[in-house]
Amino acid sequence: MSAVETTVEIAPASGPSRRRRRRRRAGAALAVLVVLLGGAGAGIGAVTLAAPPGTGPIEATAEWARDHGLNWLVTGLEKLQYAADAPSEGGTPAGGIPRAPGALPDPATTPPLAPVAAGAPLPGEGVWQTVVADHGRPAVQVTTLRVDDTHTSYLAGVLRMDPALVRGTLHPGVGEPAGHWRASTSLAGRAGDGVAVAFNGGFKLSDPSHNGYYAEGRTVAPLLPGKASLVLHTDGRADVGAWGTEVGMGPDVASVRQNLLPLVDDGAVNPTCATGGTAEWGSTIGQNAFVHRSGFGVTADGTEVYVAGPALSVCTLGRLLADAGVVRGMELDINPAWVSGTYFHDRPGHAPQGFSLFPAEQVPPTHYLTPTMRDWFAWYLRS
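The sequence shown begins at -8 in the working numbering and counts up one residue at a time.
The set of hints was computed from the structure by calculation and includes no laboratory data.
Label-pair ranges, simulated between beta-carbon atoms:
no., residue 1, residue 2, range
1, Pro355, Gly180, 17 to 27 Å
2, Pro216, Pro339, 37 to 47 Å
3, Pro216, Thr101, 28 to 38 Å
4, Ala169, Leu215, 18 to 28 Å
5, Pro103, Ser374, 27 to 37 Å
6, Asp292, Arg209, 27 to 37 Å
For clarity, every value in this text was computed on a predicted model and none was experimentally measured. Heads up, the beta-carbon is just placed ideally off N, CA and C, and yes, glycines get one too.
Just need the whole structure built from these sequences, with the hints factored in.
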């Protein structure tokens, strides 16, 4: 969960004058942030200079503000920007459904996903494409869908991984959770060997929704009962569930990242997705705002699924997860600066080549090649 953004989801058909008004409002919101935090300029400047490559001054400033008791201010400015730049309704995706960048020539045999939007699917919509293989076996597959019935010009990406072929790792960020860890903060050097997928973690641990973090035998933030928890086991397999009832601590638990409440349970979307508040869905722009969101879940057979895209509410994110076969799932981070789903092709002797999961992704596919501000996940080929 995130900073006040410099780029937002602007309606494509809003007209030049409306776009200018929206940019002025967004610029005014950023000016308010600068003025109100002006007295702390030296501290903010130091934070910005110390931020990892690829972290902009707005993101670094908002991180600083949230960490210094100004969560209310950043959230208020996010809401102001959203009011000016809510995504457009109707329309069709520019250029249609794209072929996944880096797709392999072998066709995927997984049955296509039905579109969330009403009516017949667009050409290629919901069709799985293999993007990472292990000795000819599909390890990672992706597809693209319109996000809902209303915001029909926006596309979300769905990524599925075979846990028999890949293993997951929770990586720290230099700012969150900070400290010294065995796991790397980037995919630089040998850390990128065999990487197949990387994507964002959850909300800040200081968020009022109180999310836990455990890795390498250390508890950074307490693991709370009932919280949605992405558990990675020592064999690299993932599970998701409510802490204390569906998942829990054991000798085979390598890491736990909690975030909010379970979004999908027993294949059904949490009914509070449209009505809950801070306790359920965090101190954010609100669960009914249509913004960049991401989520993760597991299917009945253990397949691991990541979903991300623009113009998503908590409810529509949950529906995408459930429609992808997820039986237990959770929301991860939100907003364009933090939602970052990437899959990779290995290049021996060189940095892995990354590809963005969905067309409107604003975080570049090179993001994880340098140290990151927030914690994140990576999945690696087992062989």
